[in-house]
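Chains A and B supply the protein sequences, listed in that same order. Residue 2 is where the first sequence starts when you use the numbering used here, and the numbers rise one by one after that. Residue -7 is where the second sequence starts when you use the numbering used here, and the numbers rise one by one after that.
Because the hints were derived from the structure by calculation, they are not lab data. The structure displayed is predicted, hence computed values, not measured ones. Hints may be right or wrong, so weigh each one.
As the list claims (entries may be wrong) - Reference listing, derived: stretches of chain A covered by chain B, where coverage requires no fewer than 3 residues with Cβ under 8 Å from a Cβ of chain B:
1. 52 to 58
2. 62 to 70
3. 96 to 109
Note that beta-carbon positions come from the ideal geometry of N, C-alpha and C, so glycine has one too.
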Amino acid sequence: MSGETLTSSEYITHHLQNLTFGRGADGAWGLAHSAQEARDMGFWSFNLDSLGISVLLGLLFLLLFRWVAKRATAGIPGGAQNFVEWIVEFIDGAVKGSFTSRNPLVAPLALTIFVWVFLMNLMDLFAIDHGPKLAESAGLHFFKLVPSTDPNVTFGLALSVFALVLFYSVKVKGIGGFLAELTLQPFQAKSLAMKIVFLPVNLFLETVNLVAKPISLSLRLFGNMYAGEMIFILIAVMYGAGLVLGSFAGLLHLGWAIFHILIITLQAFIFMTLTIVYLDMAHAEHH
Amino acid sequence: MNITATLIGQSIAFFLFVWFCMKFVWPPIMKALDQRKKTIADGLAAAEKGRHELELGHKKALETIKKAKGDAAEVIALAEKRAAEIADEAKQQAKAEAERIVTAARADIEQEVNRAREHLRAAVAELAVTGAARILEKEVDAKAHAKLLDAVVKQL
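Bound conformation, chain A alone (with noise of 0.2 Å):
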């Protein structure tokens, strides 16, 4: 992009990949200048991309939300608390749909997920080149707008949603009662002897059941933002083969972008919908 004209997977390449910073090849922290680069960064290398942009949707919205939050009035809202208390409702009613026991963290932790997973989304609606654009003015080579195209932002939002779930199942059935789950049942017998007969196939049955939960719930995430984001890409790429194409192409964009509004606001609620039933389920006795 700089200057130089690109194939079309070069191009696609380079929208594809990460600000990483990490350690180079030559022991020293720094940015990767290259996807391989970034690739040889190993595990301890951070998308400084995807981690500024959600961060700072993030702060966006936890301090839009507490501006209103502080002066939220019992008598007639405004126009934010209105908006502000449109989605609270919309959360607290899924809440109360869905998640049966008590616990206060679920409907801010609900809420948190689909306004910032929303705007994580959001920023695929942003044409794709801006993004990188902006960052090259800046000097950086790569730059990916939109974090939750990032399967390191949709696992770490999954295993954060996993660990609470741990973290309930035995807070709240103790650990013996987790192991229970795990080990008693779908197969469930009468006798001891066939109870541990059962046991190595329910462990297993029960282990990939728990494991698919924040594997799925990443990974639906993830898939449907990066293809729509491929799909953006791929139409970029036409608006270069010719006036007949081109003009094909912004018309495509259109509706593709109408049709992603759906798809990021369905994805958000998916994902705060399936943390609730997954938080519901760690907390009921018996599924």
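Could you slot chain B onto chain A? The hints should help.
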């Protein structure tokens, strides 16, 4: 695209955000919502109470009007009765007065008649004396013949 420590950073940010949301965002908004809910519920209850009271007042007013109407009718009936009584009394009094006047007039007339009779008697006696004197051509001494004259007068 590879899994890196970004994940850890993301988790830390996530927990911090959730904590902040739970401490400083959710409670005041829910408090405001609950308070408004309560205010609205109170207002509705007050409205319901007011409506009930209004209905009660309406009923009471109707009752009062009905009672007043009954009272008025009673008073009117009483007054009519009283008026009839007064009229009757007045009639009675007038009748008595008239009778009294008639009786007095009758007594007067009787008196007049008696007086006239006396006059007539006297006049007749005089006439008789005068006639007799003319017949006898001499003066009849009235005093001497008073006894006779009285007897004549009495015969008239």
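Going through the hints against the structure:
With a threshold of 8 Å between beta carbons, the proposed coverage of the segment 52 to 58 of chain A by chain B holds, since 3 of its residues qualify and at least three are required. With a cut-off of 8 Å between beta carbons, the segment 62 to 70 of chain A has 6 residues touching chain B; three or more are needed, and the interface restraint holds. Closer than 8 Å: that is the beta-carbon criterion, and the segment 96 to 109 of chain A has 4 residues meeting it against chain B, so the requirement of 3 holds.
The structure meets every hint from the earlier list without exception.
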